[in-house]
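Throw the hints in and build the complete structure from the sequences for me.
Number of protein chains: 2
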Amino acid sequence: MTYRAPVEEVSFFLKSCTSLPLLMEQGLVDLSFDVVDPVLEEAGKFAATAIAPLDQVADKEHCTLKDGAVTTPTGWRDAYQAWAGAGWSSVAAEEEFGGQNLPTSVTSALTEFWNSASPSFGIGGVLTMGAIEALTAHGAHELQHIFLPKMVAGTWTGTMNLTEPQAGSDLAALRAKAVKQDDGTYRIFGTKIFISYGEHDLAENIVHLVLARLPDAPAGTRGISLFLVPKFLVKADGSLGARNDVLAVGVEHKLGLHGSPTCTMAFGEKGEGAIGYLVGEENRGLACMFTMMNNARLAVGIQGVAVAERATQRAFAYARDRKQGKAPGIEGAAPIIAHPDVKRMLLTMRAETDAARAICLKTADALDRSRRLPDPIARAAALAEASVLTPVAKAFSTDIGIEVASTGVQVHGGMGYIEETGAAQHLRDARIFAIYEGTNGIQAIDLVTRKLPLEGGDVVTALIADYREIAEEVGALNAPDFGHAGARLSEAVDALARATRVMLDRGVDEPGKALAGATPYLRLFARAAGGAYLAKAALAAYAERSGGASDPRLSARIALARFFAENLATEAKGLEETVVGGAAGVLEAEAVLALA
Amino acid sequence: MTYRAPVEEVSFFLKSCTSLPLLMEQGLVDLSFDVVDPVLEEAGKFAATAIAPLDQVADKEHCTLKDGAVTTPTGWRDAYQAWAGAGWSSVAAEEEFGGQNLPTSVTSALTEFWNSASPSFGIGGVLTMGAIEALTAHGAHELQHIFLPKMVAGTWTGTMNLTEPQAGSDLAALRAKAVKQDDGTYRIFGTKIFISYGEHDLAENIVHLVLARLPDAPAGTRGISLFLVPKFLVKADGSLGARNDVLAVGVEHKLGLHGSPTCTMAFGEKGEGAIGYLVGEENRGLACMFTMMNNARLAVGIQGVAVAERATQRAFAYARDRKQGKAPGIEGAAPIIAHPDVKRMLLTMRAETDAARAICLKTADALDRSRRLPDPIARAAALAEASVLTPVAKAFSTDIGIEVASTGVQVHGGMGYIEETGAAQHLRDARIFAIYEGTNGIQAIDLVTRKLPLEGGDVVTALIADYREIAEEVGALNAPDFGHAGARLSEAVDALARATRVMLDRGVDEPGKALAGATPYLRLFARAAGGAYLAKAALAAYAERSGGASDPRLSARIALARFFAENLATEAKGLEETVVGGAAGVLEAEAVLALA
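Residue numbers (my numbering), protein chains in the order written: chain A, 1 to 596; chain B, 1 to 596.
Simulated from the structure, these hints should not be mistaken for laboratory data.
It is possible that part of the hints are untrue.
Since the list gives no way to pick one copy over another, a pair counts as held whenever it fits inside one copy or between any two copies.
[Claimed, not checked] Here are the simulated lysine to any residue pairs, SDA-like style, with alpha carbons at most 20 Å apart: (1) 323 / 372; (2) 326 / 165; (3) 177 / 216; (4) 60 / 420.
Keep in mind it's a predicted model, so treat the numbers as computed, not measured.
Structure follows, in structure tokens:
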């Protein structure tokens with residue numbers, strides 16, 4: 001099945017629902033859509049032709065580890081070299097280091113395309129981009145100039161080394177050690193697990209960003225520092241020197257993402273320690289890593305969108321092709337897409353995918369404003385908006401990544417269960433996105449405990465006001481094509497507003513209840529936000545159509561926004577009840593938890 | 001991780017929420033709980049010790065096909081022989097053929113235990129039991145006496161051969177041919193796919209039940225006949241004769257259920273046809289197969305419960321063991337079960353699993369009444385009740401099987417994605433249950449188009465009245481332990497009642513809308529039914545506890561029913577809105593369906 005990047009969809013959304021046109025107009029982004037559209041088009045082509053065909057092969061082959069060296073699947077190295085060679089590794093980075101400094105809303109779309117083509121392939125780029133960001137934000141000038149140009153060019157790749165067996169969600173528990181040397185470098189000791197692309201054969205060098213503790217560091221998260229540990233040391237002239245004492249000692253056998261080597265990394269096994277360089281200040285490593293993680297969280301949300309998109313395309317293709325049963329107006333056996341229950345599945349897949357993409361692109365857009373607006377107050381406001389949206393983007397998009405992939409299997413019937421078909425791989429691949437870069441439970445807790453209280457709740461309140469305005473606009477339009485979408489959206493937004501007030505109060509008075517309601521609250525947020533963003537795009541489409549435009553996609557956007565509002569946003573009131581009235585029962589169920 | 005069969009839970013539910021005690025009292029079931037409880041206990045032990053340890057091994061090894069012979073994984077054959085040897089293959093069958101004729105509510109619990117231990121193992125028994133039922137109901141006397149005793153004893157196993165490449169959900173499209181011979185036998189030609197245990201090395205013979213068409217048969221489903229086709233022909237003295245011309249020519253590489261060989265079967269490849277015997281009448285095969293399929297549908301629902309139970313137990317064990325972060329009142333790192341968001345996940349898993357089990361056991365109980373009550377009118381009423389509940393039991397239980405298994409992966413964090421942990425296998429295994437024996441979409445359509453209209457809607461209305469009574473009893477009790485469960489349940493039941501009226505009208509006036517709303521309607525039904533049945537068990541527990549009993553499970557049942565009502569049954573109103581108001585948007589979204 002051929003992957004086709006949703007170039008028109010992304011472009012339409014960027015033009016009609018983000019601030020990118022305004023940023024362009026004001027010269028804050030030195031680009032026009034005459035450039036952006038062809039970039040999207042080219043990336044889509046590359047993803048479809050150079051990466052997508054390798055995805056299923058890699059799933060079958062897995063990565064292998066022998067004597068510390070990882071061999072990636074057939075075609076992987078060539079594809080990576082072509083990808084970096086075409087400049088795709090440098091789209092997000094700053095120009096100073098050879099980057100193209102494209103807006104995050106645009107690079108997010110590219111991230112989606114690579115990950116639709118193959119999330120095993122895509123995750124490598126996501127992590128390198130995160131490492132570049134952390135180094136750009138916190139690295140010393142010299143370190144930046146040695147490492148960033150090569151990483152931006154894709155000649156070297158980057159990793160994030162956080163997790164240890166006893167320290168997953170709880171980074172305070174990490175034990176890796178760093179000892180300062182007289183020459184200003186550090187020696188790193190310890191074992192890290194679940195390190196994506198910790199070792200591979202795609203690039204000349206690997207730049208590990210590693211969290212570790214100094215001997216005299218305070219306990220907990222305030223005693224963690226961030227280090228850069230290259231696989232090969234780099235000489236003064238930039239050429240590669242000795243092999244550093246960091247070694248892949250295991251590769252995991254995972255449910256999915258078989259093309260991405262997930263390594264156990266041993267630092268300092270030979271005795272003297274791996275040579276590392278401090279990034280940022282001592283004991284401030286977590287703050288540095290969070291720069292990287294916040295952006296990586298959005299990128300992982302986009303991975304959810306990406307696999308959902310691929311699964312949706314595959315299901316649509318199958319449902320058009322597969323004939324079973326009869327349908328009104330169709331001679332002989334009907335394609336299953338003609339059956340109402342299959343229609344519901346396909347529409348749900350498409351609506352969830354597009355809603356999640358919209359949330360991710362709106363998050364990226366807020367990040368762009370937070371970096372490019374001239375007014376520091378406006379920048380701060382945009383950053384706060386991005387901070388609220390990031391956990392929603394990450395958790396909702398990855399939740400629906402799993403759900404959509406699972407529905408995709410269902411659309412295929414028995415064939416969906418056969419690995420050769422390809423539908424099942426999407427479910428296997430997508431399952432990790434809800435876990436890595438902060439589990440979705442952690443995202444929900446982050447939203448409720450850290451993000452809602454920003455500016456005394458004003459940030460979230462402003463977002464909700466946006467959503468209400470969109471819902472009211474749909475309602476006021478009173479156009480038959482929108483069905484009852486306006487009313488359903490308004491109800492969803494009202495439910496979110498009420499639940500938000502409860503959650504803001506709980507944050508102060510009843511933190512246990514806030515935590516117990518966090519996950520359904522995040523889902524409720526996404527129901528209102530996703531519905532509103534789809535409706536915003538639909539309103540734009542409606543205006544274009546009313547102006548005489550005849551692209552069939554315009555009517556599709558309206559029908560999809562309606563479907564979402566009438567069939568999925570309807571969850572909102574029940575979620576509100578669960579958030580508000582269900583938390584006590586969670587906390588008072590010790591009798592259940594003490595049993596099975 | 002050790003599996004522990006939920007013997008007390010099943011026993012409590014049978015005693016307090018089914019008609020089994022009454023049937024016993026009236027001598028309609030010749031058993032007491034002094035017998036049933038030890039049977040459950042013994043079965044639980046066998047499942048945990050003889051089957052469960054093989055499940056992960058089988059997942060790794062898969063089944064292999066060579067020259068038409070399938071080799072099952074290590075230990076599989078011994079376990080099967082021990083299982084049949086202990087009499088577990090014969091629990092459901094009639095005494096005339098060596099069966100124990102246990103009530104379906106009891107055998108359903110046993111089916112759960114085998115399938116919790118290993119669904120790859122369990123599905124073999126499910127299919128043989130289905131074949132036994134079909135043969136018992138429709139087979140000629142001689143055929144029954146040749147085949148049933150061996151099948152009941154587990155010496156021979158049974159299969160269902162329905163699916164062909166072009167005929168999955170749409171059996172009308174099937175093409176396998178049967179030609180009558182002068183001696184009264186038939187010759188069968190054709191290819192069947194997705195045949196579970198179509199070939200294996202567990203037993204001496206395999207009895208295939210095969211759907212095929214006679215040369216002069218009418219087109220569509222009215223031209224399908226059912227045949228018995230043994231792997232080895234059986235001589236007059238009951239010993240095995242020549243190899244019949246039926247051969248496994250392929251074994252699928254599947255997402256899960258690796259221990260269960262899924263075969264492509266070729267009938268009559270050598271030219272003269274496989275020898276088969278008619279079961280029932282010519283051209284009435286589908287009706288015969290439906291006897292088998294209805295019971296198999298309940299059994300597949302139970303498979304969903306079974307894997308959900310295993311995943312839940314695994315997640316609870318991990319969450320108690322794994323320490324991350326801090327929690328109030330706990331020194332040092334806290335087990336993650338202490339974190340409210342993890343509690344929510346675990347409670348959801350437990351509540352969905354127990355609700356699904358309750359629905360399945362209530363379905364089984366209705367089947368028992370339909371067979372054992374003396375009054376034919378009462379029997380017919382019970383059968384109608386079972387008919388309504390069967391698609392709910394199948395679809396809801398298998399949907400939550402997937403959801404619960406997926407949440408189980410999530411509870412494990414990164415470890416959940418590593419195959420060695422075992423959590424991911426449950427998700428892979430469970431995924432097929434929503435597809436085979438009639439996809440869950442087909443179940444929803446069956447519920448809405450065939451089951452709701454039974455007795456002009458009276459059957460479903462009576463069930464809803466039961467649910468309302470339970471909800472009202474909880475509300476009237478006004479006990480603090482139940483929180484707001486009474487109110488939430490009443491709202492869920494009211495939502496179901498309103499949606500049911502709409503669906504009954506649509507069945508007549510707007511069949512397209514009925515189909516488009518079928519899946520959310522089934523979910524809504526399960527929300528009310530599951531909540532009510534859990535509440536019924538909780539009310540019984542409350543009464544026992546008020547009477548002085550101190551088993552901590554009593555309080556757990558109350559807390560769980562409350563959690564379900566306040567956190568999951570809250571979905572009901574939104575589902576009602578989707579069913580009632582969302583269907584039009586599904587049918588009017590052609591613009592979306594014409595695109596991606």
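Hints, verified against the model:
1. 323 / 372: neither (52 Å within a copy, 42 Å between copies)
2. 326 / 165: The answer is between: 17 Å across copies meets 20 Å, while 55 Å in one copy does not.
3. 177 / 216: within (10 Å within a copy, 81 Å between copies)
4. 60 / 420: both (10 Å within a copy, 18 Å between copies)
This entry does not satisfy hint 1, going by the numbered hints stated previously; all others are met.
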